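K.L.:
Please put together the full structure from these sequences, using the hints given.
Each chain is listed here by its residues.
Protein chains: 2
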Amino acid sequence: MSMSKASLPAFEIGLNALSCVLDKAEAYAAGKKIDPSVLLNFRLFPDMFALTRQVQIAADQAKNGSARLAGVEPPRFEDTETTLDQVKARLAKTVAFLKTLDPSKIDASADREITFPLGPTNKGHMKGDDYLNHFVLPNFYFHLTAAYAILRHCGVDIGKRDFMGAIPIKMT
Amino acid sequence: MSMSKASLPAFEIGLNALSCVLDKAEAYAAGKKIDPSVLLNFRLFPDMFALTRQVQIAADQAKNGSARLAGVEPPRFEDTETTLDQVKARLAKTVAFLKTLDPSKIDASADREITFPLGPTNKGHMKGDDYLNHFVLPNFYFHLTAAYAILRHCGVDIGKRDFMGAIPIKMT
Chain A
336 MSMSKASLPA FEIGLNALSC VLDKAEAYAA GKKIDPSVLL NFRLFPDMFA LTRQVQIAAD
396 QAKNGSARLA GVEPPRFEDT ETTLDQVKAR LAKTVAFLKT LDPSKIDASA DREITFPLGP
456 TNKGHMKGDD YLNHFVLPNF YFHLTAAYAI LRHCGVDIGK RDFMGAIPIK MT
Chain B
336 MSMSKASLPA FEIGLNALSC VLDKAEAYAA GKKIDPSVLL NFRLFPDMFA LTRQVQIAAD
396 QAKNGSARLA GVEPPRFEDT ETTLDQVKAR LAKTVAFLKT LDPSKIDASA DREITFPLGP
456 TNKGHMKGDD YLNHFVLPNF YFHLTAAYAI LRHCGVDIGK RDFMGAIPIK MT
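Listed in order, the protein sequences are those of chains A and B.
Start counting the first sequence at 336; every next residue gets the next number (our numbering).
Start counting the second sequence at 336; every next residue gets the next number (our numbering).
Warning: the hint list may mix true and false statements.
Repeated chains share a single entry, so a pair holds when one copy, or any two copies, can fit it.
Distance condition first, Cα-Cα at most 25 Å in a straight line; then the derived BS3-like pairs of lysine-lysine [unchecked claim]:
1) Lys-495 - Lys-462
2) Lys-462 - Lys-434
3) Lys-367 - Lys-423
4) Lys-505 - Lys-458
It should be emphasised that the hints constitute simulated quantities derived from the structure, not laboratory data.
Keep in mind that this is a model prediction, so the values were computed, not measured.
P.N.:
Set out below in structure tokens:
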């Protein structure tokens, strides 16, 4: 077990799974003659984030969390996506960024204090392993699941396997 | 970083947070004169699980995942809850069980093959660290978030901090 194994592959599998879920959303919208932007702007309650924002935040948790653990300043990706293709490109760009990080730097971060922005003015401080286990991973899966739940609520035919993605499992 | 730190405290914090979220659901139901069983039976789509089942599965992912990593046969908790108090008791019973597990046994499980039931007839096989990172944690947070999203969709006044729970963070 290592910090890098508990982070990078989980993020990559989750973001790629979300991209496939968005493909199913696209096919569903086409079949029902729904403008895809209706799905992208859908939310489960008026003061919750819409689908596009849920995807952006899931991707940013992976990008920012991994970068901070690797001791790298996370690049800023602008939140300008308005189409499914753009949202999927955001996911692909995030996965590509994750591949640039040095796993050994992340492995050495368990005991280092990580400082990160919390809202517009505050900062959070956590030990590296706590930051991964109790902040980045819960937040990442929260927004990944929220995106999935919005599409499920809209009737897109997706199931748990679509959410889990290409995990290293052998079935008998 | 260790297998036990990546599992036990995350499950305990998450399950306790969910119990507090259910307290807010109870207060909301009382204030709106809604029968709490309406919330417990609410679902985001007809073929998705209702709230009670989401909570049961989140708890079982924590119980079964941790037990298998510790090399212990997981106890079976019957799915008989019909009230908010009973559902919260299920969470408390699960947290109490987690405390009986030996963290050093879980720490030694990263390279062991874990075999677990997948549906009624199949079995899954994964290396211990893969099982935690790519099966138990995603499933746990998926059902935790699904429970939260159902209540959020029903209008319960909860936010991200309620979902995250009592995490070890210092704010400045």
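K.L.:
Flag every earlier hint the structure violates by its number, smallest first.
P.N.:
As far as the earlier hints go, not one is violated by this structure.
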